[in-house]
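Asker: Chain by chain, the residues:
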Amino acid sequence: MRNLFGNKLTRKVMILSAILIVLFGFTVYKDNKTLIESGAGAALNPVQKVIYSANKRVENFIDFYLRYETVKVENETLLKENIELNEKLRNYDVLAEENKNLTEMFSFKNRRNEYNYVGANIIGNSGGGIITSYTIDIGSKDGVKRGMAVMTPEGIVGQVTDVASTYALVETLSSENVSIHVTTVENAENTGILVGYQGADKKQMAKINYLPIDSSIKEGDSIVTSGLGKFYPPNIFVGKVTKIIEDKGNLMKTAIIETAVNFKGIQSLYIIVPKDTESVEY
Amino acid sequence: MRNLLISVMAILLFILDQTFVPFFSINGSYGSLLFAFFGIFALLSDYEDAFLLAIVVGFLQDIYFPYVFGLNILTNLLLFFVLSKAGETLKEGRKTIPVLFVTLAQGVKNLLMVSILYLFGYKANFSSVLIAPIFTLFFAIFLYNRIIAFRRIPMIKKEWKF
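Chains A and B, in that order, are what the protein sequence lines are.
Just so it is clear: in the first sequence, position 220 is 220 by the working numbering, and no numbers are missing.
Just so it is clear: in the second sequence, position 137 is 137 by the working numbering, and no numbers are missing.
Bound-form chain A, shown alone (with noise of 0.2 Å):
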């Protein structure tokens, strides 16, 4: 045991194991990154980008033409949608110009104006396979925060969950370490937290825990942001409900969710930042 003690290496290897648990406590509860980690992260962005940037795309050649059959019948159901999307389009236009003039003879606030969509682009994965986590090319200089919520066109992606002055990493709602508080389009009583959740053929889900045995939330529900807590703008589209499990010993029911988004062929977000960053606690 004194041999074991007395070398000198052993000693240095000790002390760092110390140095390094006693890290361990300040950075794992730090919203930020520390400042040697911000610096060799700015060096090492830029030639993540491009390479990142890179492979995407000569995975998204590949995948055109593996996949070019379903993507000709895609694009032919995707024209007929555009043709009635159109449709609609034009009575929404009726509608928008009447729920604005109704919205300012009541005088209600914009609540949508109150955030700003920060755009950002994937450079690469981090996480080493043991947190799927990606990391994005704008940090706490352009605003962002821990607990920001990440979207797409399509929906919410996931969360911000760790900051750098020039960049941060976001984990996408499949990771059991995202929350978000959520409704139903149908019917805004149905609230709860969405959760990550893997599907049993591995699939990247999310679901809604602990929800009223007598809740009238069902299969096809639309689940959206209910914007609590001004933590991001309410009705931002999440996904669709597929499953009901009904858990009468405990009166409860979850709801499993299909999200809008599919997590492996996003390159680019937007982060939404709150104008008023004073009044949200993240």
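Please keep in mind that the hints were generated in silico from the structure rather than gathered at the bench.
Mixed in with the good hints there might be a few duds.
Partial selection, computed: residues in chain B whose CB lies under 8 Å from chain A [as the list claims (entries may be wrong)]: (1) S25; (2) Y64; (3) Y67.
C-beta: ideal position from N, C-alpha, C; glycine also.
Chain A is already provided as a structure; the job is to place chain B on it using the hints.
Answerer: This is chain B only, laid out in the frame that chain A set:
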């Protein structure tokens, strides 16, 4: 100069780990070229080298690691030491044992990291404990001869001091 060359190699492999390897991920898990390369390097080296390598490799892996800083350094430190110790008893030129050792080390590393994250209240991808070593196995087989060649570069080679 020796340290610089090792660091440059580590940065190159690290960037590939972040940008290229994840495209082949299985169920969100993937291995690490960096760990495979320097795991075998540590196995063929002495303790002093293992110590240095663990810090360089661990620091790089920790830069973009969410939540906790230092987790990769600590686990690498433990594992590279064990690998270096295991390497003492091996005959040079045998490929199988080093490859298997580094594969096993990857599994232990992921298990340790998932457990520590769980202690801090974060949920991690448990399947990576089984999937990442499979990647590392292939990486190690592919890299072994290259590591031997890398170690023979005059600047990397450690001269014996009598």
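Asker: Of the hints given before, which are not true for this structure?
Answerer: none
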